[in-house]
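Peer 1: Please build the complete structure, drawing on both the sequences and the hints.
If you read the protein sequences in the order shown, they are chains A and B.
Numbering-wise, the first sequence is residues 342 to 553 according to this note's numbering.
Numbering-wise, the second sequence is residues 236 to 649 according to this note's numbering.
I should point out that these hints are in silico values taken from the structure, not numbers from a laboratory.
It should be emphasised that the depicted structure is a prediction, and the values quoted were computed from it without experimental measurement.
Hints are supplied without guarantee of correctness; some may be wrong.
Each computed BS3-like pair below joins lysine-lysine, with the alpha-carbon atoms no more than 27 angstroms apart [what the hints assert, rightly or not]:
| id | chain 1 | residue 1 | chain 2 | residue 2 |
| --- | --- | --- | --- | --- |
| 1 | A | K445 | A | K510 |
| 2 | A | K521 | A | K510 |
| 3 | B | K571 | A | K445 |
| 4 | B | K571 | A | K510 |
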Amino acid sequence: MSSPRVLIVDDHQLFRSGVRSELERHLEITGEAGTVEQAVAAIAEDNPEVVLLDVHMPGGGGVEVIRLAAERELRPCYLALSVSDAAEDVIAVIRAGARGYVTKNIAPEELADAVRRVHDGDAVFSPRLAGFVLDAFAGPAPDPETELDALTPREREIIQHIARGYMYKEIALRLEISPKTVEAHVSSVLRKLQLSSRHELTRWAADRGLDR
Amino acid sequence: MTADSHPGAQALRRDPTDGWLGGVCAGIALRYGVDRALVRLAFVVATTAGGLGVALYALGWLVIPAGPGAGRRRLPTGRGAVEVALGTGLLLLSVLLTFRALGIWFSDAIVWPLVLIASGGALIWRGSGSPATAPAQAEAPTAALLKKETEQPRREPGRTAAAISRTGIGIALVVAAGFAFLQATGALSAARDVLLAVIAVVVVLGVIFAPWVLRLVRSLTAERSERIRSQERAEVAAHLHDSVLQTLALVQRSDDPQEVAALARRQERELRAWLSGRPPAGQAARLAAALEAAAADVEERHGVPVEVVVVGDRNLDANAEAVVAATREAMTNAAKFGGGSPVDVYAESDDGQLHVFVRDRGPGFDPDALPADRRGVRESIVGRMRRHGGRAQITSSPASGTEVELELPARPDR
Numbered sequence: 342m343s344s345p346r347v348l349i350v351d352d353h354q355l356f357r358s359g360v361r362s363e364l365e366r367h368l369e370i371t372g373e374a375g376t377v378e379q380a381v382a383a384i385a386e387d388n389p390e391v392v393l394l395d396v397h398m399p400g401g402g403g404v405e406v407i408r409l410a411a412e413r414e415l416r417p418c419y420l421a422l423s424v425s426d427a428a429e430d431v432i433a434v435i436r437a438g439a440r441g442y443v444t445k446n447i448a449p450e451e452l453a454d455a456v457r458r459v460h461d462g463d464a465v466f467s468p469r470l471a472g473f474v475l476d477a478f479a480g481p482a483p484d485p486e487t488e489l490d491a492l493t494p495r496e497r498e499i500i501q502h503i504a505r506g507y508m509y510k511e512i513a514l515r516l517e518i519s520p521k522t523v524e525a526h527v528s529s530v531l532r533k534l535q536l537s538s539r540h541e542l543t544r545w546a547a548d549r550g551l552d553r
Numbered sequence: 236m237t238a239d240s241h242p243g244a245q246a247l248r249r250d251p252t253d254g255w256l257g258g259v260c261a262g263i264a265l266r267y268g269v270d271r272a273l274v275r276l277a278f279v280v281a282t283t284a285g286g287l288g289v290a291l292y293a294l295g296w297l298v299i300p301a302g303p304g305a306g307r308r309r310l311p312t313g314r315g316a317v318e319v320a321l322g323t324g325l326l327l328l329s330v331l332l333t334f335r336a337l338g339i340w341f342s343d344a345i346v347w348p349l350v351l352i353a354s355g356g357a358l359i360w361r362g363s364g365s366p367a368t369a370p371a372q373a374e375a376p377t378a379a380l381l382k383k384e385t386e387q388p389r390r391e392p393g394r395t396a397a398a399i400s401r402t403g404i405g406i407a408l409v410v411a412a413g414f415a416f417l418q419a420t421g422a423l424s425a426a427r428d429v430l431l432a433v434i435a436v437v438v439v440l441g442v443i444f445a446p447w448v449l450r451l452v453r454s455l456t457a458e459r460s461e462r463i464r465s466q467e468r469a470e471v472a473a474h475l476h477d478s479v480l481q482t483l484a485l486v487q488r489s490d491d492p493q494e495v496a497a498l499a500r501r502q503e504r505e506l507r508a509w510l511s512g513r514p515p516a517g518q519a520a521r522l523a524a525a526l527e528a529a530a531a532d533v534e535e536r537h538g539v540p541v542e543v544v545v546v547g548d549r550n551l552d553a554n555a556e557a558v559v560a561a562t563r564e565a566m567t568n569a570a571k572f573g574g575g576s577p578v579d580v581y582a583e584s585d586d587g588q589l590h591v592f593v594r595d596r597g598p599g600f601d602p603d604a605l606p607a608d609r610r611g612v613r614e615s616i617v618g619r620m621r622r623h624g625g626r627a628q629i630t631s632s633p634a635s636g637t638e639v640e641l642e643l644p645a646r647p648d649r
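Peer 2: Next comes the structure, spelled out in structure tokens:
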């Protein structure tokens, strides 16, 4: 299995070193960054494959890191890692381009696994993020013409299972489909989340100044 | 000026709650400890001396800021103010016409300008009344007033514009009154010289007193925002002291890691609820808050993390409360028999339909082989759901743990 090179971005030094010591057994850590500027510089210098990104940081937070790095044509995979419960923060960083979101109380092995999955091109949904997504896509789509603005019944079913605490493998088993199919559905939901024009999402994005 | 000539003395404030008009007399009486009636009498006597009393009173109303309690009397704004202006003007007109009919006093040259002045004056004074109460409110240290204060800057621009135009109309009316009077008495040319002198005096006074007035306004604003800030700080400090510091103290005295973890989790929940402005756990009237509270309780009792995800929300009726109670029982079971694995709770409320899933990764059990004395599952979960028109389903296997599914349809048929 590939061992992706990881950069840890968080403004709390104690948390950074904690995550580092937990992940070092499983993954290669290229460095740590405590501010938005440091993060962008470290992405440019160390060229990590996966960036563990704190949502809340002074100076714009994770969203700003993604934006500034993209301005310099740097596009590593981002996994948002936060204590934040606020749906708009999480959705904003996902819409900016993060490939997944996990809460900070995740177990070390699960975190390492999530990093690997993001690196492999999969989307990583924690139950909480699944809840946010279901909330954001609740109700009929404002414009039925755009297929992007609604989840298919299957996608909905899978996201519901994630919210209920099931792993991809367990979902595949229950729905009698292959784990790869589950991943494809989840990636499709992530893409809809990033591209959808649903007004809730647009409003969230507008609040955070992301609708450029 | 009063503040300068009496340093340290109690400031002179109007007292609109006790006053007849603007509370000028009441305020003066309060400040100097004289009987209110005496002050009023003095003003009336002064009025007979060529209307001096009225002028003084009007000046007092404008210059003396309103005292505490001014907010209690609502000042009419918007259309109400225009009606007040019209009414005042018409009332005065009728009084003057009555005098005229009785043959006492006054030529037309005075009547019409007076009517105009009264209307315009009413517009201006009413309009400028509301901002004048702001500094007074800042002195009352209650939270309710504080809230009102912080909301003040958010006044809609439309209302501000209305106030400005109102003041503009008022000024125009008063100026027109002045011109009409001068025209009628033929003193317009003489007035020009007087006007020049007045302008000179105003400029001189302005230059002398402008810095002082500016400083006063600025210090008042600074003082106000400082007070708001310190009150907010005190409130945050009080909350953190009661919650976070208390928990930290408990953590330091405990050597049971499970208890420490439970304490931390509970504190985290509480702090999150506080930060997001949700009502505290005790008084949950909404489904999401009630489920969170139940989860926190189970977590605390059994030391197993319970993760709650809620999609949608609804008010708690009897049926929803039954679902919450059944969920609590399911969470308790999962915590007790789940082998210490984290418990995932997912609730979805959509169009009145309610779905709850409670899941653990424990060893699992056979729901059909439950001993008859295990009333928890049979009564508290399955039976309760059935009684409220819903249903409960339990799926369990050693490989994947146990999941309890609770369903409450939109219209329970009994």
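Peer 1: Run through the hints listed earlier and report the numbers of any the structure violates, in increasing order.
Peer 2: Hint check: nothing fails, all pass.
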